[in-house]
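Taken in order, these protein sequences are the chains called E and U. Per the numbering used here, residue 1 is the first one in the first sequence, and the count goes up by one each step. Per the numbering used here, residue 1001 is the first one in the second sequence, and the count goes up by one each step.
Check each hint, because a few of them may be wrong.
[To be verified] If you anchor each label on the Cβ, the simulated ranges turn out as follows:
(1) 426(E) with 1138(U): 51 to 61 Å
(2) 233(E) with 1024(U): 30 to 40 Å
(3) 329(E) with 1107(U): 39 to 49 Å
(4) 1081(U) with 115(E): 47 to 57 Å
[Stated by the list, open to error] List time: in silico EDC-like cross-link candidates among lysine to aspartate or glutamate, alpha-carbon distance up to 20 Å:
(5) 343(E) with 219(E)
(6) 1158(U) with 189(E)
(7) 371(E) with 1070(U)
(8) 1170(U) with 395(E)
(9) 91(E) with 1070(U)
(10) 1158(U) with 143(E)
(11) 1158(U) with 374(E)
The hints are simulated quantities; they were obtained by calculation from the structure and are not laboratory data. The beta carbon of each residue, even a glycine, is placed where N, CA and C say it ideally should be.
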Amino acid sequence: MTATHELPANVNQTSEGGQELTSADVVAASERLRELGAVLRLSENDAILAEREQVPDDETMIINMGPQHPSTHGVLRLMLELQGETVLRCKPIIGYLHTGMERTGEELTYLQGPTNVTRMDYAAPLFTELAFSLTVEKLLDIEVPERAIWIRMLMTEMNRISSHLLFMATNGMDLGAVSMMLYGWREREEALRFLQEVTGLRMNHNYIRPGGVAADLPDGWRDGVLRLLDMLPGRLAEYDTLLNQQPIFRERLQGVGAINADECLALGVTGPILRSTGYDWDLRRDMPYLAFDQVDFDVVVGSYGDCFDRYAIRLAEIHESMKIVRQCLEKMPKGDYRIQDKKVTPPPRARIDESMEALIHHFKIFTEGFKVPEGEAYVAIESPRGELGCYIVSDGSSNPYRMHVRAPSFVNLQTLPHLMHGSLVADAVAIISSVDPILGEVDR
Amino acid sequence: MTDIDAQSGEADTPAEIAPETLFDTLLTHSHGQLVLHPTRESYPGLLATLHAAGYHSVVDLCGVDYLTNDSRQLPAAIEPERFEVVVNLINHRERARLRLRVQVPEIDAVLPSAFILYPGTEAMERETFDMFGISFDGHPDLTRILMPEDWIGHPLRKDYDVGRIPVQFKGAPANR
C-alpha cells in the first residue's frame, strides 16, 4: 500500500511497472522534459508550463494501445494520454519480442552468426546479414571477390524492393485501403520468389556470409530479375493511381506527423524519415560500401517531413532500387562468389570425396569455426529503415566477444512521442505505420 | 654507418612518438576507424566539443563487458576497467565517423548521460542500463527497456548465465 501509493492502479497488473506512462500529476519534471523538451530544447520549467497551461488534469485519460493491436506492426505497445481525441503524450513500451539475440550471437561462431542476425529485421533480413558479414570481414581484413560484391548488391536491392512493398501493403491496410494491402502482398510475393530461387528461402535466408555469399546465382536468374523488372513499373503506376490520386488517402497523410531535419538529427533518426525532411543523406551515396559508388541512382528527398512524404519516398525508392538492380544485371562480373581463402571458406563439396585434408578442413571449419583477430569494428549500411550498424568486439576466438546491432527501427521509434504530440488517435495509426518499425529488430 | 643510424632510429622513435590526440583526447586507429579514449571525467566535455564541431548525431551507444577479455588494446594512459561504453558519432557534413570508448569501473558503474546534447541516446542508454547495469547520471527516465521491470540481473554481463531450457521432443518423457 505504501510503496505503490503514488503509482497508477494498473502498474501492479503488468511486469512493466515503471516503464509505463504515468499520469500527468505524478510525473516528474525530468520525464516531462524527455517527452517534450528534449527535441524542442525547452528548459525543465518551460516543459511543465507548456503542458499545464493547456490541459486541466481531470480532462485527460491514459489509454493503452497494443501490444496486440493490429495496427502496431507486431508487438509494439503505446500508452497514450488523451484529451478527447487529441494525443497529449505518448510512450512506446517495447521488449515484448526480446529474445536476447545479442547474447545468442556471443554463443555462436562467426559462421553461424548470420543465421542469428537474419532474424532481427525479418522484413529485410539480407541487410542484417550484410552488416554482420562486412564487420567480420573488416576484422579479418579480407576483400571479397568482385562477383560476391555485385551479388550482394543485387540481392539487397531486391530485398529493399520487397521490404518497401511490404510497407506499401501495411501502410495501405492501416489507412483502410485494404485493396492496397492485397496488391502489396502480391508484388512482394514476386520479389520473394526471386529471393527464394537464389537462396532457397523466402525469409531468413542466411545467404550473405563472412567471405562472400552462400551460393552462386542459379541458372536463369536473369530471367527472374527481368520478370520482376518488367512487371513492377506497371504495378507501381497502379499504386500511384490507387493511392496518390485518391483524396481520402492524401488527406489522411498530408501534414500528419511532421518532423524537421534538426529534430531528426538530434534524435539520431535515419533513413526515409530523415530524408522526408529534405535532408539529403543516404549512406549508399555518401559513405559508399560494396560497389555503390559505381552505380547511378538518385537519393529521393521530401520537403514537409510528414507521413505522405515518408510514403512517397519509399515508393520512389522502389524505382531507384530497380535502377540499381538493372545496372547489377549489366555489370555482374564473372568469377568466384566467395573468397578463396582457406581460412574462412569451406572446401567445395567435390573435393571432400577425394581428399582427406579437405574433409578434415570441412569438419574443422563447421565445428570450430574460424578465428578472427583481436579488435573491434563498426560498419554501417543503409537498410530500408535507416542506418543499420554492426559493432563486433573480437577476443581472437571463433565467437564474437560482443556483437551489437544498431537497429534503425529501435532508434526511429523515439520519434513517436514527438510525431504524435497534438495529433488525433486515428492519426496515431498512420504515424506508426509511416515510421515502419520492425519489432524483431527493435527488441532483438 | 647505416647500422648505427638504423639502431639509433629504432631506439629513438618509440620514445619520441607522443600519443596521437584529437580534440585533446587520446586517439587510436582500429581498422581505419578513428577511436577516441576519453576518461569518465572528460566525456561530457568531449561530447560538447564534438557537438560544436559538427558531430550532430549519436548513431549508436552500447556497452561492452570486458570481464573475461584481457587482450584489448588501449593507450597506455588509459586504465582498463571492466565495462566500456562505446559511442558512435557521425558528422554528416564532413562524412566522418568517430567512436568513443569510455571506461566505466565495476564499482560505481555510472557515466554522465549524453541526453541533453543528444536526445536520441535516450533509448540506447536505457538499453545499456538494462543489459549491463551501467547507470547514466542525468538520464530522465532510467528504467529497463527490453526486460520486464521486475527482472533480476543484467543479461549481457559476462557473469550472467546463459539460460538453457532442455528441448522437449514429442513422445519423450518430460524432465520436470
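Here's how the hints hold up against the structure:
For the hinted restraint 51 to 61 Å between residue 426(E) and residue 1138(U), the CB-CB distance of approximately 37 Å leaves it violated. For residue 233(E) and residue 1024(U), the Cβ-Cβ distance of about 55 Å falls outside the hinted range of 30 to 40 Å, so the restraint is violated. Between residue 329(E) and residue 1107(U) the CB atoms are about 59 Å apart, so this pair departs from the stated range of 39 to 49 Å. For the pair residue 1081(U) and residue 115(E), the supplied restraint of 47 to 57 Å is violated, since their beta-carbon distance comes to about 33 Å.
With a C-alpha separation of about 29 Å, the suggested pairing of residue 343(E) with residue 219(E) is violated against the 20 Å cut-off. A C-alpha spacing of about 42 Å is found between residue 1158(U) and residue 189(E), which places the hinted pair above 20 Å, so the restraint is violated. About 17 Å separates the Cα atoms of residue 371(E) and residue 1070(U), which keeps this hinted pair within 20 Å; it holds. Among the hinted pairs, residue 1170(U) with residue 395(E) is inconsistent with the structure: their alpha-carbon atoms are about 40 Å apart, more than 20 Å.
With a C-alpha separation of about 40 Å, the suggested pair residue 91(E) and residue 1070(U) falls outside the 20 Å cut-off, and the hint is violated. Note on residue 1158(U) and residue 143(E): the hinted pairing is violated, with a Cα-Cα distance of about 32 Å set against a maximum of 20 Å. Restraint check for residue 1158(U) and residue 374(E): satisfied, since their Cα atoms lie roughly 18 Å apart, inside the 20 Å limit.
When the structure is compared with the earlier hints, violations turn up for hints 1, 2, 3, 4, 5, 6, 8, 9 and 10 and for no others.
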